[in-house]
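Modelling step: build the complete structure from the supplied sequences, incorporating the hints.
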Amino acid sequence: MDGKMAELKGRLEQLLKEAAEVSVALDRADGTIQGVPHYSVIELRAHELGRQLSRRIQERHMGEITAFQVPKAPCPKCGTRCEVIPKKRPVTSIDGPIELQELEGRCPFCRKSFFPAAGDLGSGRP
Amino acid sequence: MGLDARELTPTLVLKIVVTAAETRSFVRGEKVMSDVAGVPVSAKTIQRVVGDVGHELADRRDADPRTDEALGQRPEVAPDLAVVECDGGRLRTREPGCGPGVHFAGEGWREDKNACLIRARRRVFDEDPQPEPPACFRDAKHVAKIAETEALSVASPLPGGTAEHEDSPGGVSCGEDDWRPKRLVRTVLSSMACSEDFGRQMAREAKRRRFYESPAKAFLGDGLPWNWSIWKKDFRDFVPILDFIHPLSYLFVTAKAVQESAEDVWSQYLAWMRGCWQGEVLQVLEELRQWQAKLGPPPSDAAESDPRQIVAKTITYFEHNAPRMSYPEYRRQGFPITTAWMESLVKEINYRVKGTEMFWNDPEGAEAILQVRAAALCDDDRLKKHLRTRPGCPFTRRPKPPKLRIKNRKS
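Respectively, the protein sequence lines represent chains A and B.
Just so we're aligned, residue 0 is where the first sequence starts under numbering that gives the first Met the number 0, counting upward by one.
Just so we're aligned, residue 0 is where the second sequence starts under numbering that gives the first Met the number 0, counting upward by one.
Each hint should be verified, as a subset may be incorrect.
[To be verified] For lysine to aspartate or glutamate, the following DMTMM-like pairs were computed, each having C-alpha atoms within a straight-line distance of at most 20 Å: (1) 87(A) with 3(B); (2) 111(A) with 3(B); (3) 384(B) with 58(B); (4) 86(A) with 6(B); (5) 76(A) with 3(B); (6) 87(A) with 6(B); (7) 111(A) with 6(B); (8) 86(A) with 3(B).
In case anyone wonders, no lab produced these hints; they're calculated from the structure.
In structure tokens, the structure reads:
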């Protein structure tokens, strides 16, 4: 487990380094940063990349959670087990708008759509 | 996962609510969210989120204090000194559901009720640690300001004190050997509820924080009757203490009514104030009765400014409150003798809820912002803790929340 963790951390470090290099090269290539800019320009560009990464991570996490959940969940109102299907849901996060994969169910008795609670689904993850 | 139908992530909701609690309006909150947090959120959305969260906080405030549903944290040990203070405030409301703009029901002013529950550290003394009143109560300008009268004209030619009180909220400044209790943890309640319901809210919070188990308990208020109704019903075994500042204004106004020259007014006030400070309240009361006998009883149609009426009101006030004015004993036990903590808190609450062009939907909008602001002012981080664990809403469309249970709000 420690070996796997170390490998993942090393890979992430390498990718972040590459992302930083590419971002700087792109900023120079498209003219966003020329010569010696005001530091705020550098700071804001870097921060925007961080926000993009954050959005990707959030979407990926939700995609993984959805992919490994069992396809049925109880209705929060009446408890009937209903089929749930993955749907895209636009949400605003602290790093801007994202589109999350989320399971949505519809109870035929309550005639209400619902988003199952995490604990109600269990995980189909092996 | 804490997501709800608002389509905002939980951390964004936290930022919105904290911003709404700390900025003076939802419109200013919109600007802060955009310019500081870097996320554009409309003022209307901020208002709606505050409505949702305010409702949740009210539910947890009213939960059984023996369960973890209650908002406050149960400490491992009871406080060394438990201090409860309460006071009323004023805010302006509008009638909801009447379209855009401000629609009044009556004058629009409503009373909100506020309380702080403070875990404090104290020192106990063999004797009164400060038998002489501090300089601020001998400062004519300061006293005139306390009395909220036109007394400056009387006070100004008199020997003035220093501005010592400026850096001492509540006016009691004690120099280096400070006998006053030290505030450790403050939690705050604020509501549009009637005094009976507000008393229950205070009692639940006190129970949750183990205030009833404390070896030293004090309850402070000014002369408002509902303060003492709450004490009588829910805090009977707390030592009742009348805010020392409050009788001062009565004494100053009465001294002005019975004496003529500025020097005599000031001397009279000083003698009475010193008497109260040193626990000789019954003697002060006796002197007031002598003045009443000399002036005669007020006729039934006496004006408010009639000296006979002023003396009669002060006598009644002292008769009602004398049992809560044993100030030397309170100081000896290390209790506070003013509601300075409360006065300071009311200012912090008013910063958010009271101001020009600030009107709240009556009562839901007002109650929601009071819950959010009160939670933000607590030392136990309860607002952030609530927002980090709120369950969200499982339904696609948010069910309409039930009406807040606020009854008899005009009391």
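How the hints compare with the structure:
The straight-line distance between the Cα atoms of residue 87(A) and residue 3(B) is roughly 14 Å, inside the 20 Å bound, and the hint therefore holds. Our distance criterion of 20 Å between C-alpha atoms is met by residue 111(A) and residue 3(B), whose separation comes to about 15 Å. Taking the CA atoms of residue 384(B) and residue 58(B), the gap is about 15 Å. The hint holds against a cut of 20 Å. Restraint check for residue 86(A) and residue 6(B): satisfied, since their Cα atoms lie roughly 14 Å apart, inside the 20 Å limit.
Of the supplied pair hints, the one linking residue 76(A) and residue 3(B) holds, its CA atoms being roughly 16 Å apart against a limit of 20 Å. Using a Cα cut-off of 20 Å, the hinted pair residue 87(A) and residue 6(B) holds, with the two alpha carbons roughly 12 Å apart. Our distance criterion of 20 Å between C-alpha atoms is met by residue 111(A) and residue 6(B), whose separation comes to about 18 Å. At roughly 15 Å between alpha-carbon atoms, residue 86(A) and residue 3(B) fall within 20 Å of each other, so this suggested pair holds.
Comparing the model with each numbered hint stated earlier shows that all of them hold.
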